[in-house]
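Taken in sequence, the protein lines are chains A and B.
Here our numbering runs 30 ahead of the position in the first sequence, where the first position is 1.
Here our numbering runs 176 ahead of the position in the second sequence, where the first position is 1.
It is worth saying that the hints were derived from the structure and are not from the lab.
Some clues are possibly wrong.
[Unchecked claim] Only pairs whose alpha carbons sit at most 35 Å apart, straight line, appear in this in silico DSBU-like list of lysine-lysine: (1) A:Lys47 <-> A:Lys108; (2) A:Lys108 <-> B:Lys254; (3) B:Lys254 <-> B:Lys233; (4) B:Lys233 <-> B:Lys245; (5) B:Lys281 <-> B:Lys218; (6) B:Lys281 <-> B:Lys245; (7) B:Lys254 <-> B:Lys284; (8) B:Lys284 <-> B:Lys218; (9) B:Lys235 <-> A:Lys47; (10) A:Lys45 <-> B:Lys218; (11) A:Lys108 <-> B:Lys234; (12) A:Lys41 <-> B:Lys281; (13) A:Lys41 <-> A:Lys108; (14) B:Lys233 <-> B:Lys281; (15) B:Lys245 <-> B:Lys284; (16) B:Lys281 <-> B:Lys254; (17) A:Lys108 <-> B:Lys245; (18) B:Lys234 <-> B:Lys218; (19) A:Lys45 <-> B:Lys254; (20) A:Lys41 <-> B:Lys284; (21) B:Lys254 <-> B:Lys235; (22) B:Lys233 <-> B:Lys218; (23) B:Lys284 <-> B:Lys234; (24) A:Lys41 <-> B:Lys233; (25) B:Lys254 <-> B:Lys234; (26) B:Lys245 <-> B:Lys218; (27) B:Lys245 <-> B:Lys234; (28) A:Lys47 <-> B:Lys281; (29) A:Lys45 <-> B:Lys281; (30) B:Lys284 <-> A:Lys47; (31) B:Lys284 <-> B:Lys235.
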Amino acid sequence: GAGVSQTPSNKVTEKGKYVELRCDPISGHTALYWYRQSLGQGPEFLIYFQGTGAADDSGLPNDRFFAVRPEGSVSTLKIQRTERGDSAVYLCASSPMPGTGNEQFFGPGTRLTVL
Amino acid sequence: ILNVEQSPQSLHVQEGDSTNFTCSFPSSNFYALHWYRWETAKSPEALFVMTLNGDEKKKGRISATLNTKEGYSYLYIKGSQPEDSATYLCASYSGAGSYQLTFGKGTKLSVIP
């Protein structure tokens with residue numbers, strides 16, 4: 031079956047602009063996660079959804095970052111007033127249900143470059 | 177804050193050589209350790225999810241061990257092949273009720289034909 035997909039695969043924007051990154055999880059997966067990987071670092075947690083609600087948004091760096099999952103499937107990560115430091119690969123993952131022993135299935139990521 | 181460390185940061189091996197690398201994590205409040213392989217331009221792929229002290233898991237030529245008391249896991253690759261070239265990431269959970277994975281920086285493996 032189809033895996034996790036993310037669009038766009040690459041996004042180049044200018045400092046100060048608004049961007050939206052989309053994640054389509056595996057059908058039926060209730061848990062959805064966003065991570066970002068900056069150069070030279072491992073992926074860092076941003077936010078986790080259980081169904082439609084954000085169960086843990088402790089990883090969002092500041093209030094310029096916001097994510098939604100209105101129908102419990104597709105999720106959009108929104109970044110306002112982008113800064114050069116936001117440049118990173120943004121990864122989305124999903125799992126059938128939350129759980130420490132459950133594998134998270136990752137998409138290929140969106141590479142965001144802020145000029 | 178959970179601190180997950182991986183070593184080495186990168187390594188080059190000849191085709192056919194066996195290799196291993198390390199992931200260390202805090203041993204307190206341990207729940208699970210995940211290993212992922214991430215090839216360039218592809219999605220990170222789960223290799224193993226390990227939960228019990230002394231766990232050993234194997235997938236083809238790749239195997240992993242887990243020591244939760246001392247806080248480390250080893251990943252072994254036997255007879256490395258060029259297609260094994262990738263970044264290998266380990267990740268641990270922060271604790272009860274938290275489903276966020278904390279990743280190490282990864283080990284980048286290059287297998288030279």
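Hints violated by the structure (listed by number, smallest first): Of the numbered hints given earlier, those the structure breaks are 2, 9, 11, 17, 19 and 24, listed in rising order.
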